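A.B. asks: Chain by chain, the residues:
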Amino acid sequence: MGEAADALAKALSAEHAAVYAYGVVGGRTSGRLRARATSAFDAHRARRDRLRTLIEQRGGRPAEPGPMYRLPFEVRTTADAVRLAVIVEERLTTAYLELAADRDPALRRLAAAAAQECATRAYGWQPVVNAFPGMPQPAGASPSPATAEPATAGPGVSPDDQAPSDSEAPSDSQAPPDSEAPTDAGATVDGGGQ
Amino acid sequence: MTRRLVLRTAGGAIGGTVGGVAAAGLVAGCSSRTAEPRRPKPPDPQTVLLRSLIAGKEQMIELYQRAALSQARLAGALEPFRQRHVAHLAALRALLPKEAAATPSVSGLSPTVSASPSAEGVSLSGLRDAERKASAARPAQTAGASPALAQLLVSVGACEAVHVVALGRVRG
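Read top to bottom, the protein sequences are chains A and B. With the working numbering, the residue at position 110 of the first sequence is 440, and numbering never jumps. With the working numbering, the residue at position 7 of the second sequence is 45, and numbering never jumps.
Because the hints were derived from the structure by calculation, they are not lab data. Remember, it's a predicted structure, so these values are computed and weren't measured experimentally. Even glycine gets a Cβ: it sits at the ideal position worked out from N, Cα and C. Treat the hints with care, since some could be wrong.
[Unchecked claim] Computed, partial: chain B to chain A, Cβ under 10 Å:
#  : residue
1  : P78
2  : P80
3  : P81
4  : Q84
5  : T85
6  : V86
7  : L87
8  : R89
9  : S90
10 : R176
11 : A178
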């Protein structure tokens, strides 16, 4: 698999995971937050479809989403849902940064636009500004926030092939808690949809 | 075909068996001393791009300095934004080749510039426009960039896009 195909596959996996996660977020939010979750769900679904098309155009076979994904923590409250949304957007930003290293200018443009959308959505959920969205944070470093709220860091969303299938649409469904979820956020987001 | 070209060709053939030293000797022994004007080395496109990006960042930082000076009540709120641009500037400069980094920047940033009485004030909407334009330009700027610079530009553009939204929440 070439580097572009690999990066595209990782971005697609991350989008699959995002679509799933926003289904959960939608189920634990209401009002304006629910509307924001629905909007994000639609945006990620559109990106997912675009990535699928790009992979097919390059002769590849886009991975299907996992039937269900392990969440990094149990999403019981609205605050949990917000935290999950931030994690999803941050991990996607990283996936698109990886895609931006490809030589294809069209892929770079797509990656740049998508990373801006993800970073902006993450800020919408939690108003913290990172100087370098998507980049690994140096040990002990802290972002320079626009507000006093702390940055969220945590594990991502990983597929769980053992779990039963679940609907894509935002719903009131609650993903099962998973205390064994990996703590390596990048790996878990990138590993979705296998 | 000129003699030099013939020798070069022969040297190329010899070079495969005898070695580059012999081939170099043949060429050196027959080369005339016609003075060929030394053409300046064309600038490295990556360095040119980096210098342009650095100049843009310096201008952005200056905008924030002017905004803070002209609207003192916003200075504290704007400082984190300025600091992030300073971090971007440092990251861009770190990608400059050593020889290029040793030469002065196209638009040197001077803290006294913003203190000039003639410097116009900058409004919040002016800052937002500047951030919006900067972030909108990033996708196209990645086209000629090295992979590392492309990734940096994407990340910087994402930060600038967030700034557009975050500036909308700044209250004096």
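A.B. asks: All hints, please: hold or fail.
C.D. replies: Evaluated hints:
no.	hint	verdict
1	P78	violated (29 Å)
2	P80	violated (22 Å)
3	P81	violated (21 Å)
4	Q84	violated (14 Å)
5	T85	violated (19 Å)
6	V86	violated (17 Å)
7	L87	violated (13 Å)
8	R89	violated (20 Å)
9	S90	violated (17 Å)
10	R176	holds (5 Å)
11	A178	holds (7 Å)
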